[in-house]
Amino acid sequence: MDIVVCFKQAINESEMGVDKQSGRLLLEGAPTKMSEFDKNAIEEAVKMKELHGGTVTAITVSPVGAKKVIKEALAMGCDRAVHLADQSFVHSDTLVTASLLAAAIRKIGSVDLILFAEGSSDIYSCQVGPSVAQLLDLPQITYANKLTFDGNKLVAERNMEEGLEVVETHLPCVVTVTNEINVPRFPTLMQIMATSKKEILEWNATALGFKPEQVGNQGSPIQILKIDALTVRRKNILVDGGNDSEKAMNLAKALQKEGVIQ
Amino acid sequence: MSKTEREIWVFSEDQTTFNELLAGGRSLGSKVCAVQIGDKPSEETKDLINMGADKVYVIEGPQLSEFQPEPYSEALFTLARRERPEAILLGATRRGRELAPRVAAAMGIGCVADCTGLLRDTEGALVMERVAYAGKGLATLKSISQSLVCTVKPRVFEPLSSDSTRVGEIQREVVEVKPSRVTLVRREHKPKGKVNLPEAKIVVSGGRGFKKKEDLILLQESADILGGEIGCSRPLSSDLGWLPEEHHIGISGISIKPQLYIAAGISGQLHHLVGIRDSRIVAAINTDKDAPIMVASDYALVGDLYTLMPELAKAFRELLKR
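Chains A and B, in that order, give the protein sequences. 1 is the number of the first residue of the first sequence in this note's numbering; add one for each residue after it. 263 is the number of the first residue of the second sequence in this note's numbering; add one for each residue after it.
Keep in mind the hints are simulated off the structure, nothing from the lab. Check the hints yourself; a few may be wrong.
To be verified - Restricting the straight-line Cα-Cα distance to at most 25 Å, the calculated cross-link-like pairs of lysine-lysine (DSS-like) are: (1) K415/B to K293/B; (2) K576/B to K257/A; (3) K415/B to K257/A; (4) K519/B to K146/A; (5) K253/A to K452/B; (6) K146/A to K475/B; (7) K452/B to K473/B; (8) K153/A to K440/B; (9) K473/B to K257/A; (10) K20/A to K107/A; (11) K49/A to K257/A; (12) K20/A to K235/A; (13) K404/B to K253/A; (14) K293/B to K257/A; (15) K211/A to K404/B; (16) K415/B to K226/A.
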């Protein structure tokens, strides 16, 4: 089974700064990390390969850096990585990102299974996986909680609002997985060392058949006008007391004074 | 606000969401068209007009008996390519989120997921707002493509009251679509509780600090005294299955806006905090005084929930004379 897993170098939202003057979030220079849920997609890809043979290619779109997260994906067991890297990719929206990934998957050629996380940890729009499925004219299964392949059919359990749903399809197919599908492995030192021997391809806009005006901010139908910082002010009062009973009573009294219990 | 002649389309597989979106479309001052999809004529067409639709496109086809993203998206984009609506509004439900990107990608147009605000700027162009970076930012976006797809979060718009005197046009369309390549094997409906967390005044919530399902009685006890509901962070509903999904508060669950939110044994990852940001008062109980929930709370109680929750219930009873 030849598998592609798509992942993202996301902004580490817990360490983002705010511009004091404008009250806007600072995106430039914000620290990054692998999008949390992507580790589940990578784990599932590697597990599938271990069970059914084949290869795992990890693909990411990132105009800058991304070396660290690519190494992380390789250390988790992906065989090779494709880095879609071009300065012109900055501020690509979900449609452009999906178009770049779809072009890369076409360029790779024969792929049986394309895995994504249910959404990214920073934006969580959940749009790129199904967009790639549409662009490649493939079926899709989103929010998979469990995935099995019997050599012929791919069966998935999906966690939907109204309950559990079991669906099946034939390969090739796009699947997005939940945070609950598995527990991502921690790579061993040996696996981390071995990444230096693995192939990392770098494809730019031209290699993917895109002109600069078709990608990034210029090529994206959705334009960001601004991102205001959302701050919630909390009182941060540490409730005191000699023992648990006293502490609990002090909290209850404080809540009564706030007028929120009656 | 300038009016536009172009249509705003609305579709959801969920009736409540559908009604909210019809109200949303009307708030934009546009001609609002409901899209009804199915394999046979439905009696609900007039209901959509009563709830605010100026027109209903009834799309019928043999492949459309039940919701599947492939045939449903094909039905939508086939008609939308011909009619070119200004925007297509879908619910930000899991099904809406798998439908929207397929429609947008097929048409090569923009897609904004999970809108929390939808308005027009001074020139009459649509402007979307959505929460980004796990609740740290509010993004304002616009589309420069000729059409646009949006998924809209629940309760952004209030449904209109049903008005049976409203009149609207009904246009029947037979659209040929390919069958779904994904087939349904079975569905297990979870019993739907009566819980309505988004409207609850008080929510008492638990997380990983709970050791077993039975212990959730500690939440229920205080919730019952205060007349509140119980909620949870993602692991308890999605991973452990101790509570149904409708109790799951956070980025991938629901958002709440109670007067009081009590979090017991919840560490307070950003993905949870985004769902409680509109709470008036947050009280947290955690063994770790440095847990993120403690910083994000008005009142922090450091200690073991297993001893503190019973004491808290006792204090509520005493104070409120229950």
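Now for the hints, and whether the structure bears them out:
no. : hint             : in the structure
1   : K415/B to K293/B : holds, 21 Å
2   : K576/B to K257/A : holds, 17 Å
3   : K415/B to K257/A : violated, 34 Å
4   : K519/B to K146/A : violated, 33 Å
5   : K253/A to K452/B : violated, 38 Å
6   : K146/A to K475/B : holds, 22 Å
7   : K452/B to K473/B : holds, 23 Å
8   : K153/A to K440/B : holds, 20 Å
9   : K473/B to K257/A : violated, 32 Å
10  : K20/A to K107/A  : violated, 45 Å
11  : K49/A to K257/A  : violated, 59 Å
12  : K20/A to K235/A  : holds, 21 Å
13  : K404/B to K253/A : violated, 47 Å
14  : K293/B to K257/A : violated, 49 Å
15  : K211/A to K404/B : holds, 23 Å
16  : K415/B to K226/A : holds, 20 Å
Going down the numbered hints, you'll see the structure goes against 3, 4, 5, 9, 10, 11, 13 and 14, while the others check out.
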